[in-house]
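*Asks:* Please model the entire structure based on the sequences and the hints provided.
What follows is the residue order along each chain.
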Amino acid sequence: MDYDPAVISKGAAVTGHAGEENLDRLHFTVPARLDAVDGANVRLEAFLEGLGADGELVYAAVLALEEILTNVAKYAFPEGEAERHQISVEAERIPGSLRLRITDDGREFDPLTAPPPPLEDDIEDRPIGGLGVHLLRNLADDLRYRRSEGRNVLTLLFSLDPTNRRFTCR
Amino acid sequence: MPLTITTKEQKPGLIEVALGGRLDTETYPQLEKKLAEVFAGQVRAVRFEMSLLDYISSMGIRVLFKAFKTLKGKKAMFLMVNPQPQIKKVLEIAQALPPEAVFASVQEADAYFDAMQKKALGQGGDDV
Chain A
1 MDYDPAVISK
11 GAAVTGHAGE
21 ENLDRLHFTV
31 PARLDAVDGA
41 NVRLEAFLEG
51 LGADGELVYA
61 AVLALEEILT
71 NVAKYAFPEG
81 EAERHQISVE
91 AERIPGSLRL
101 RITDDGREFD
111 PLTAPPPPLE
121 DDIEDRPIGG
131 LGVHLLRNLA
141 DDLRYRRSEG
151 RNVLTLLFSL
161 DPTNRRFTCR
Chain B
1001 MPLTITTKEQ
1011 KPGLIEVALG
1021 GRLDTETYPQ
1031 LEKKLAEVFA
1041 GQVRAVRFEM
1051 SLLDYISSMG
1061 IRVLFKAFKT
1071 LKGKKAMFLM
1081 VNPQPQIKKV
1091 LEIAQALPPE
1101 AVFASVQEAD
1111 AYFDAMQKKA
1121 LGQGGDDV
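Residue numbers (my numbering), protein chains in the order written: chain A, 1 to 170; chain B, 1001 to 1128.
Hints in this document: simulated from the structure, not taken from any laboratory.
This list has only true hints and no planted wrong ones.
Computed list of lysine-lysine pairs in DSS-like fashion (alpha-carbon distance at most 27 angstroms, straight line): (1) Lys1034(B) x Lys74(A); (2) Lys1034(B) x Lys1072(B); (3) Lys1008(B) x Lys1072(B); (4) Lys1074(B) x Lys1008(B); (5) Lys1011(B) x Lys1072(B); (6) Lys74(A) x Lys1033(B); (7) Lys74(A) x Lys1069(B); (8) Lys1072(B) x Lys1033(B); (9) Lys1008(B) x Lys1034(B); (10) Lys1066(B) x Lys74(A); (11) Lys1075(B) x Lys1088(B); (12) Lys1089(B) x Lys74(A); (13) Lys1011(B) x Lys1034(B); (14) Lys1075(B) x Lys1119(B); (15) Lys1069(B) x Lys1089(B).
Distance ranges between label pairs, derived from CB positions: (16) Lys1074(B) x Leu23(A): 51 to 59 angstroms; (17) Lys1011(B) x Asp35(A): 32 to 40 angstroms; (18) Ala1115(B) x Ser88(A): 50 to 58 angstroms; (19) Lys1075(B) x Ser88(A): 45 to 53 angstroms; (20) Ser1051(B) x Arg107(A): 36 to 44 angstroms; (21) Pro1085(B) x Asp110(A): 30 to 38 angstroms; (22) Leu34(A) x Lys1075(B): 34 to 42 angstroms; (23) Val153(A) x Lys1011(B): 50 to 58 angstroms; (24) Leu1121(B) x Thr168(A): 38 to 46 angstroms; (25) Arg146(A) x Glu1092(B): 26 to 34 angstroms; (26) Arg166(A) x Lys1075(B): 33 to 41 angstroms; (27) Ala1111(B) x Thr29(A): 47 to 55 angstroms.
Quick reminder that beta carbons are idealized off the backbone N, C-alpha and C, glycines included.
*Replies:* Printed below as a string of structure tokens:
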């Protein structure tokens, strides 16, 4: 069989597989397992640092990713099934923002309409994933959810402008 | 990135727990285990030294909150010093700890510990 190298490299760039990453876009999948979260964090962090993102943005985006992946791994599937499922993570620099999109095929869960945790209550007694979702709402500048073809699609925007963002340590 | 934990008895009953690296979904069990050992002993205060901790997520915050409650139950002090700005910010968002638990420096935390110890000793035996 003959392979045309030009066709292969173009295909790799379009699908975003490892080895041929568009400089402004990252796309990978991870199994819905708690022990896969760290690897995902590391990949996103490396991508953001490659973009020259500042420390606050890196922290907010990586923490948001961790909270979402942890929630999906723990709560989106029946016992024992999670690890058979893949979660898709896409990060892309768009004008003014970093866009982070996480897609999973677990049960329907919209963090935007989940009731906020009563913060005066014991942190241990808070509803499922309560603290993680609460953090999420305060990390991203924009957070949108949609349910599409049996999948949860969560899209977060993080402002690239340090003077115009929700999560700031100033 | 791993979590590093070093513990040291700074003064009788005052244990310093210095954290470094990441306290997250993967590493929080290590801190839980270490704290179980600390709480098994005679402890009057635990001072969490946070200057080398770069990252915390909700699982890590939960461990710190549980430590706070455990110490409160033992009538012992929970002291936190030198959290990095992003850590401090996340803890504020989570409202996991009362602001008075976080001190601006080791010196301030130690002064507070000493003052509380004197107060406790002063109340022993005499009518107040």
